[in-house]
Amino acid sequence: MEDWNVNAAITNFYHKRKIQRQLTTTNMSKKQYWRGLEELNPTSQYTETVANEFKEDLPFGDVESIAEASTSRRDFLKYLGFSTVAATIAASCEMPVRHAIPYAIKPENVTPGVPLLYASTYIDGGEAVPVLVRTREGRPIKIEGNTDSKLTEGATTARIQASVLNLYDAARLKFPMIDKKESTWEAVDKMVSDALNGMGGAPLYIVTSTINSASTASAVAQFAAKYPNTKHVMYDAISYSGLLDANLACFGKRAIPAYQFDQAKVIVSIGADFLGTWISPEIYTRQYGKTRKISAKNPTMSKHYQLEGMMSLTGSSADERYTCKPSQYGAVAVALFNALNGGSISGVPASMTEALKKIAADLNANKGSALVVCGSNDVNVQTVVNAINNAIGAIGTTVNFGVTNNSKQGSDAEMNAFTAALSAGQVGGVMFFDCNPVYDHVNGKAIADKLASLKLSVSFSERMDETTDKCKIAAPTNHWLESWGDAEPFSGYTSMMQPTISPLFKTRPFAESLLTWSGNMTNQYDFVKAFWISKLGSQEAFDAAIQKGLVEPETMTVSGASFSGNVADATAKIAAIKSSAEGSPELVIYDKVGIGRGASWSNNPWLQEMPDPITKCTWDNYILMSPNRAKKAGAEHTDLNEVDREKKVFTLKANGATVKLPVLVLPGMHDDVIAVAVGYGRAKSVGMAAANTGVNVYPMVGKDAAGNSSYTVSTVEIASTGETYPLAITQTHHSYESKRPIIHEFTLDSFKKNPNELFEERKAELEHYTSPNGIVAHGGEAHGEAHGDAHKAEAHGDAHAAPTKADEDWQEAYRQNGTLYPTYDSLGMKWGMSIDLNSCVGCGSCTIACQAENNVSVVGKNQVLKAHDMHWIRIDRYFAGDPTKPDSIQTLFQPMICQHCDNAPCENVCPVNATNHSSEGMNQMAYNRCIGTRYCANNCPYKVRRFNWRDWNEADCFDGNAYSDGRRDDMNNDITRMVLNPDVTVRSRGVMEKCSFCIQRTQSAKATAKKQGRTMKDGEARTACQQACPTDAIVFGNVNDRESAIFKLRYEEQKERVFHVLEEIHTLPNVNYLSKIRNAEHLQSAHAEEGHAEAKKA
Amino acid sequence: MAKDIKGFILLAVFLLTSTYFSYAAPDGKALFQANCAACHNPIKDATGPALKGADSRVPSKEWLYKWVKNSAAVIASGDKYANEIYNKYNKTAMTGFANLKDDEIDAIIKYANDYAPPTAAAPAGGAAGAPAPSDNTLLYTILTIVLLISILILTQVNKVLSRAANVKAGLPSPRDVPFFRNKVVIAVIATMIIVSFGVWLTNASEFGRQKNYMPKQPIYYSHKVHAGINQINCLYCHAGAEKSRHAMIPSTNVCMNCHKQINEYTGAATHPLTTLEGKSIDGTAEIKKLYEYAGWDPAKKDYIRNAKGEIKATPVEWVKIHNLPDHVYFNHSLHVVSGKVACQRCHGNIEQMDEVFQFADLSMGWCINCHRNTNVQFADNNYYSIFQKYHDEIKSGKRQDVKVSDIGGLECQRCHY
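Residue numbers (our numbering), protein chains in the order written: chain A, 1 to 1098; chain B, 10001 to 10417.
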């Protein structure tokens, strides 16, 4: 220790670094992942753009202009002096008098400052999900999944997470209206009953989305009993009528079975985006996730084939993906059915023949544990898919008719009958509930034109949407967070709904209105209570059901149904489906993971600003195109398609409608497929966020021969307009580069053969620091000498002399030897997180959960364009493969959050020590200390820090400083601000922020344990993202606790798959990832040539 | 033998843990005030009957014990006397005090039996007649000015005389430098400015702090009367202090638990209420203000209700004294429960304050200092068992105690997030 000198240490250190560099460059994997097309073929502009930490130049331009600036140094000092004095005067003003206002009479269970959780039910159309609502002082602030539910097991989606913001939407109707003028419920009641009595036998239609609430259905029945001319029509904006009708024909039940993805070893999806939007994505994602959990001890996982036209969220998770035109889904299904029976394959693209053979063989080999689903709304296609499922023994195993999914029950035929009757003048009156046909139905315009002539037109809507606008009476309903009710999303599985806040406005539940008009004056609560007491038997049973939120059977009934579909007829009809001419495009109309069918989601700023999982675009809809087609159509702007925000605008003509939309180029799209999302182009009265955002393409939806809505259009015209339009795409924001791979991916076979490949690679990479043969690594004693740090020598000697497991040894050695700085022990807690890239499907519910929990700001489109987006969780999307060959594209998602580095580069550069490290391994951010130099963001290798460029939330001490852009301004009114989590500071302008590991949650869990005088249990502190993740890809806990899930995962169960991003730069992240295992023969990233070969073969 | 004990509701008796009365010999007065005073008066019928002579009214001593520990059970058993009492007092059940020992119940009854109402004390002559403490500022100011003037005069005189002497001796006089050119004067003034600026800067960090802040409240509520003289436990009203980050200001219905009965201030003789300015306060009038807020009709002895049967109560808009900035997270329950910090440590001798003022400056430095100097309840709380290193060090004698700072109590995100 005496002969230590600093130069020696530094020389040693740099020597090590040099060796490290060499290792880094030579030992590099040859894998190639790219986030965008430019990253694959970088241009100089791209390189320059990503090299800049901040997208725009700093306001004072270059150095020369400073020298020539008219503002002299003296002026600068004058202003400085003035502002100092001004600030002083401002600060020395008298303190305001604040008031502390207690409850007049405190409700029994409320303790201010302590959150209460209530079980309730999220509903959106027919979709119903059991949830827990976290309330603070009587206002709901966060939605969590109800883990007691045997259906969802607590899974949530981005929309469920965002639904709490809809409650506080300032655009909601605040009172009933007659002829757009404020009215009262008494006046509405009178007008409606007068109209009902004067109907004179003309039929009254109640048009709704799917209703699966038993109590609401009974209210409708009561109303119909009083007014016998009532007809109830259900339709779904995104129709599943074809599937339902096919099931009726094939199995005698017009119902959707409960699909059991968790029981399937082989999953084949023909155009069904079951992880993103198809029927019940939260449940399917949860089930699917279970089949993607893999470890060295148990190296099995499902095999997922996706056959589709556009690039969907589900397709991006697929092991093998093949593209075709959507008009060919039927042909593909028929070919697959034939292949299963050993028949020949015809009528499908040549590229698919081999694939279908392989799939058929796989399905046949896994009879009884395979599942085929299809997203088509064509009865015939679904009939063939049913036949396939029947042939592979899926009916009664993975396709369960014992329990049916009631989320979608709408009938396109009935809706068509209604619109026909309406056009023919055979309708007396109409009531719309939870639907918006004027906007989202093909016949919307016809409906809108006729509504004015009716004797009675009522819209039960929470806002002045397109349909309500045309109705005489607007009867606003409660948000589900304000309502009593129930839902039965799956037969036998009821989820109860209870209000968590008093109605904010003068609204009335739909059922209560119907009851009132049928002469039954009970209120919603009494009605629901009486209904359920009669069903459950007693008040106690009702109370228990409300408290638990669930009435579910112990075990799920699994049963099949006998198949009696007419495959031959269906096949014949499918053969008649016309595809677009070779080389001309087909249009797919789809709903997005965020915005969905539109409804109130269109005006949800969280969802509008959530980057779409695949395109990473916010705030707009657009025409998706493959790179090849874009080049052909002249849509590709330059090579800089993602760096340059301006996109070419095209006109799109289909089914008689014409729209103008920008083009977004997306690898993985079939070359003859273009796709546009619904849910955009809303009326101004829908709300600030919805207005002027995107274009409505519902009018382009077609009808097939059976009258069902068809979301694919074979004849479309596209033409360039020469205009451009900016799209706010986030993928190239916050980009970071490394010569080493940031993600690790293996095929299942290679993982089985050598599960330790990644582990050995890491070990070899860091060997220099960890092996006794290294240049300076001489064991504990020597480190102390080399670095002359008594603390370290001591720590090394004491605490780390004998790590219990050999695997920890080299990691610990790297921790100690890779740095000049001393290392510190975390004595009590040490928080760590693991993210499994294999079960992450990229759905984005973590992003929104984090936004809700941590008061993350919405910045608006203009600021997203400047890369000022604030999300604490960015889900990086990586492609591998050849962008010109859509079948070759493999996609990966990597949620990127603050890595909470133990040797954090951001901490060292903060001039005011606003960001520093906690003894629990958290990288802390003290907002009130931050002066906004942004050095930390510049120095963060992961690019996870977000800067408040503006005052997004009126959090500044100066009034009137808030940023407004016309779209996100709703976020700052007194109603919407009620969504803020009072345990998290709202950040003001000029400070940096980032993921905090949900410190408010860990602190609260620690406090509970401390107050009870016990140690913390594993899983007591859960981060918002972890709780929201439907596949449990995120594990969080105390790494110091050797019994914790995170410790076991890292050092025992999953140690082969663990890796840290940019581990070689010795940042020592407290977040680790688990490698992606793809159940495919080849990885496109493995070798460029191999990828090409694979693509050629396919 | 006793006759009469009745029970009444105590809406929120969560505070009565045995720790508060683990004395060797039970202290009847303290026990009474901690447990019974909310509903009972020794000599007056209140929510429950007067306790004086209760032991002689009830059927037996054992009956009394049973009743106090679980009155509901006694009523349920069909006991005639118990039901009479229960009905007489509007069927409000008395909270069970299962943790009171028999000798403690005896002590309470003894206290009630021996209780004599306070006689009007002799007027506190001393306080009113005492002269105000003399203020010498004026005197010193005058003195300073006089001395400064005399220094100036004497200096001038000295100058004139020495010049005259120089003239007489034929010596040249030094040129007269005006004082504002005088380097010494300039140096002194400059130093003074710099120093005072420094002092001002130091004090500037006090901006926004409100130590000794004592605003006028909508109701003159004396903590001294409640927590001091009547020894009501802090946690009775501030129930959140054990459960939440907020200590909670009680809602008016909590006040009414006691003030349904206590409708006049009877302590004016022993403890006259005055404001800081010396204005005398009528306690009974202040209780009337409470009734206004609580929607209580003292004449009918019932709440005023609207058509729906809801009590017409309005919350009291207290002026908030202890203000922490929004970016500070402070949790009362952690400090009170696991830290075992007494209220007085941060709030001062609150039980001596008629009007509450802010005792500590609530600055970050003040917080940090306490975190540096305060021992964690390390051995007693199993939560800390994970800190193996400290346990080892304590065992080996290397360490005596564990401060809050040792377990991360100085880290930013303990309070700022």
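Be a bit skeptical, because a hint or two may be false.
To be verified - Okay, derived cross-link-like pairs now, DSS-like style, lysine-lysine, Cα gap no bigger than 25 Å in a straight line:
#, chain 1, residue 1, chain 2, residue 2
1, B, Lys-10080, B, Lys-10091
2, B, Lys-10308, A, Lys-1006
3, B, Lys-10288, B, Lys-10243
4, A, Lys-1011, B, Lys-10044
5, A, Lys-106, B, Lys-10320
6, A, Lys-529, B, Lys-10308
Claimed, not checked - Residues of chain A clear of chain B, computed beta-carbon distances all greater than 10 Å:
#, residue
7, Thr-111
8, Glu-153
9, Asn-298
10, Asp-362
11, Leu-451
12, Lys-535
13, Ser-559
14, Ser-720
15, Asn-916
16, Arg-929
17, Thr-985
18, Arg-989
19, Ser-996
20, Thr-1015
21, Asp-1041
22, Ile-1065
Said to hold, decoys possible - Now the stretches of chain A that chain B is said to cover, found in silico as 3 or more residues with beta-carbon under 8 Å:
#, region
23, 97-110
24, 827-834
25, 917-926
Read the hints as simulated data drawn from the structure, not as lab findings. The C-beta atom is built at its ideal place from N, Cα and C for all residues, glycine as well.
Hints, one by one, checked against the model:
no.: 1; hint: B:Lys-10080 with B:Lys-10091; in the structure: 14 Å, holds
no.: 2; hint: B:Lys-10308 with A:Lys-1006; in the structure: 44 Å, violated
no.: 3; hint: B:Lys-10288 with B:Lys-10243; in the structure: 31 Å, violated
no.: 4; hint: A:Lys-1011 with B:Lys-10044; in the structure: 40 Å, violated
no.: 5; hint: A:Lys-106 with B:Lys-10320; in the structure: 19 Å, holds
no.: 6; hint: A:Lys-529 with B:Lys-10308; in the structure: 21 Å, holds
no.: 7; hint: Thr-111; in the structure: 5 Å, violated
no.: 8; hint: Glu-153; in the structure: 30 Å, holds
no.: 9; hint: Asn-298; in the structure: 31 Å, holds
no.: 10; hint: Asp-362; in the structure: 49 Å, holds
no.: 11; hint: Leu-451; in the structure: 39 Å, holds
no.: 12; hint: Lys-535; in the structure: 29 Å, holds
no.: 13; hint: Ser-559; in the structure: 50 Å, holds
no.: 14; hint: Ser-720; in the structure: 51 Å, holds
no.: 15; hint: Asn-916; in the structure: 6 Å, violated
no.: 16; hint: Arg-929; in the structure: 7 Å, violated
no.: 17; hint: Thr-985; in the structure: 5 Å, violated
no.: 18; hint: Arg-989; in the structure: 14 Å, holds
no.: 19; hint: Ser-996; in the structure: 6 Å, violated
no.: 20; hint: Thr-1015; in the structure: 6 Å, violated
no.: 21; hint: Asp-1041; in the structure: 8 Å, violated
no.: 22; hint: Ile-1065; in the structure: 25 Å, holds
no.: 23; hint: 97-110; in the structure: holds (count 10)
no.: 24; hint: 827-834; in the structure: holds (count 3)
no.: 25; hint: 917-926; in the structure: holds (count 7)
Hints 2, 3, 4, 7, 15, 16, 17, 19, 20, 21 from the earlier list are contradicted by this structure; the remaining hints agree with it.
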